[in-house]
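If you read the sequences in order, they're chains A and B. Using the working numbering, you'd call the opening residue of the first sequence number 1 and step up by one each time. Using the working numbering, you'd call the opening residue of the second sequence number 1001 and step up by one each time.
For the record, the hints were derived by calculation from the structure and aren't laboratory data. There could be a bad hint or two in this list.
[What the hints assert, rightly or not] Straight-line Cα separation of at most 30 Å, DSS-like style, residue types lysine-lysine; simulated pairs:
no. : chain 1 : residue 1 : chain 2 : residue 2
1   : B       : Lys1053   : B       : Lys1170
2   : A       : Lys205    : B       : Lys1053
3   : B       : Lys1208   : B       : Lys1170
4   : A       : Lys227    : B       : Lys1174
5   : B       : Lys1208   : B       : Lys1078
6   : B       : Lys1174   : B       : Lys1208
7   : A       : Lys205    : B       : Lys1078
8   : B       : Lys1174   : B       : Lys1078
9   : B       : Lys1170   : A       : Lys227
10  : B       : Lys1053   : B       : Lys1174
11  : A       : Lys136    : A       : Lys227
12  : B       : Lys1053   : B       : Lys1208
What you are looking at is a predicted structure, and each value in this text was computed from that prediction instead of being measured.
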Amino acid sequence: MNILKLLANLAETNPEQLEQSAPRRAALESLGRFSAKALAAALPFGLATLPAQARTTLTILDSLDLALQLERLQEALYTRALAVTGAFFPADPTFRASILAMQRHQQQHIVLLTDAIAASGSTASAPANYDFTGTKNGTQPALFADVFTDFDQFLRLAQLLEDAGVRAYKGQVEFLSTNDFILQTALQLHATEARHAARIRMMRKQRGATVKPWPSPTDTSITVVGKTDIAYAGEDALQQYLPDFRPVPFQLLPIGFPGSTVLTQGVPEAFDEPLTSAQATALLALFTY
Amino acid sequence: MHDNSFLARTIHRRSFFRVAGAGAAASALMLAGCAKEEDNNPTPINQQLVIGKADSVNFTVLNYAYLLEQLEAAFYDKVVTTPPADLLPGELAYLTDLRDHELIHREYLKVALGSNAYDASFVTQFAFDFSSLTLTTRQGVWTAAQRLEDIGVAAYNGVAKHITTTGYLKMLAKLASVEARHAALAHEVLQAGSWAATIGTTGLDAAKTPLEVVALIQPFVPIEISTAYLPTT
């Protein structure tokens, strides 16, 4: 999180500078036509009014930066996997093709988010150094020692990060709600991440893992307590609450036959839960140094 | 039965005059019949399905999501009740999970809406019309599932920005990604590697406006859906 940096930038920036359009125009040129047009249309409302709505706007930028860091992490994972020489990917060509498509999507997301941050007059945080074994560059025991030699281990990490990515976007949507364009874009990114996560899970299932396309209490756990379990913390919630804090009385609703597993399995499966910024940041920290 | 209340409710008279008690499958024909009879009776009636609320964009969006979840739940319920004979091993379990998830989504939104549910005062619920789909083969079932799930994802992606209460926004976001996971599954079972079919050149999954979505789901709804209160962007 770079709240402090953003605050410092904000303090140094005068409103006139924020309205300068040259950097924005330059940034937007690298986007596709749709995105550029839509971003240009959306930004003046959400971001040019920065001084008056500093708190809200800062939160939008902070959310975008967190998303950018997660996308970079995923992109780096796939780029390194795709660069492995020798027999790392299975013979089924759709496996490598899927990882290639995910890498491409993450690269597109990075461009989108970087441009959105730049177009708002802010600066994206610098890319981190990644260590996907989780040793923090050899300073602690590995979590995924064979991530680029054991394809199943690679898939477990990919699943962890994609599921966490879905959850992290979900945790940010409330902070984006003041800007319709950015909120919708984040939801579209969120749906892409969910399709990634489902595909990774199906690849694992094809290779014999007990896993469904969505997080389920029947999945075999892939986490390490006190380390990677944060990615799924609270994901198995049996209860949902309405905005007025009333619990949804699932046991009284016509959703299943008495004695069925719908309450204990269907309900947790039917809802993806959000991750907070702090949880997402803690997860990022496991693989960066 | 898990879906008793869904089938037992009848449609609101104002929305669908004289269909109460009629067999579900006949509803479209009954509607045509009604229209002719109305020639002899000039009393104006509203034969549209009004799923929004004039005074609340939040309840309009939730009702819209509720209708979509009802549609998906009814679809999977029909499939699971009469599955095609050529399903592959594991596919009925997937379809049953999908049915359960959509039932849960439907009832969750219904609880959230309470008396604001568009069908809260219906005497008998209308039945969705799946006659345009081929549900006797796995190819047909999964093709239909793909279509419905992709519509659902694009609908959530396109409409959630209109929510003005973050509590409701968070509710919808919890469902939206599960729908995207369903959609990826529905694509994959028919063709390995096809999960990304709806993701565009900027890495964004599709978004559709409510009016675009209504046009896509109208074939399954035997009453004209009113778009009067739905957001147009």
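Right, here's what the structure says about each hint:
1. Of the supplied pair hints, the one linking lysine 1053 of chain B and lysine 1170 of chain B holds, its CA atoms being roughly 21 Å apart against a limit of 30 Å.
2. At roughly 44 Å between alpha-carbon atoms, lysine 205 of chain A and lysine 1053 of chain B are farther apart than 30 Å, so this suggested pair is violated.
3. Straight-line distance between C-alpha atoms of lysine 1208 of chain B and lysine 1170 of chain B comes to about 19 Å, which keeps the hinted pair within the 30 Å bound.
4. Restraint check for lysine 227 of chain A and lysine 1174 of chain B: satisfied, since their Cα atoms lie roughly 24 Å apart, inside the 30 Å limit.
5. The hinted pair formed by lysine 1208 of chain B and lysine 1078 of chain B meets the criterion: a straight-line CA distance of about 26 Å does not exceed 30 Å.
6. Straight-line distance between C-alpha atoms of lysine 1174 of chain B and lysine 1208 of chain B comes to about 18 Å, which keeps the hinted pair within the 30 Å bound.
7. A distance of roughly 27 Å separates the Cα atoms of lysine 205 of chain A and lysine 1078 of chain B; the hinted pair therefore holds under the 30 Å criterion.
8. Distance check on the hinted pair: lysine 1174 of chain B and lysine 1078 of chain B sit about 25 Å apart at the alpha-carbon level, within 30 Å; holds.
9. For the hint pairing lysine 1170 of chain B with lysine 227 of chain A, the CA-to-CA distance comes to about 27 Å; that is within 30 Å, so the pair holds.
10. Between lysine 1053 of chain B and lysine 1174 of chain B the CA atoms are separated by roughly 23 Å; this keeps the pair inside 30 Å, and the hint holds.
11. Proposed proximity of lysine 136 of chain A and lysine 227 of chain A is supported: the alpha carbons are some 13 Å apart, at most 30 Å.
12. For the hint pairing lysine 1053 of chain B with lysine 1208 of chain B, the CA-to-CA distance comes to about 20 Å; that is within 30 Å, so the pair holds.
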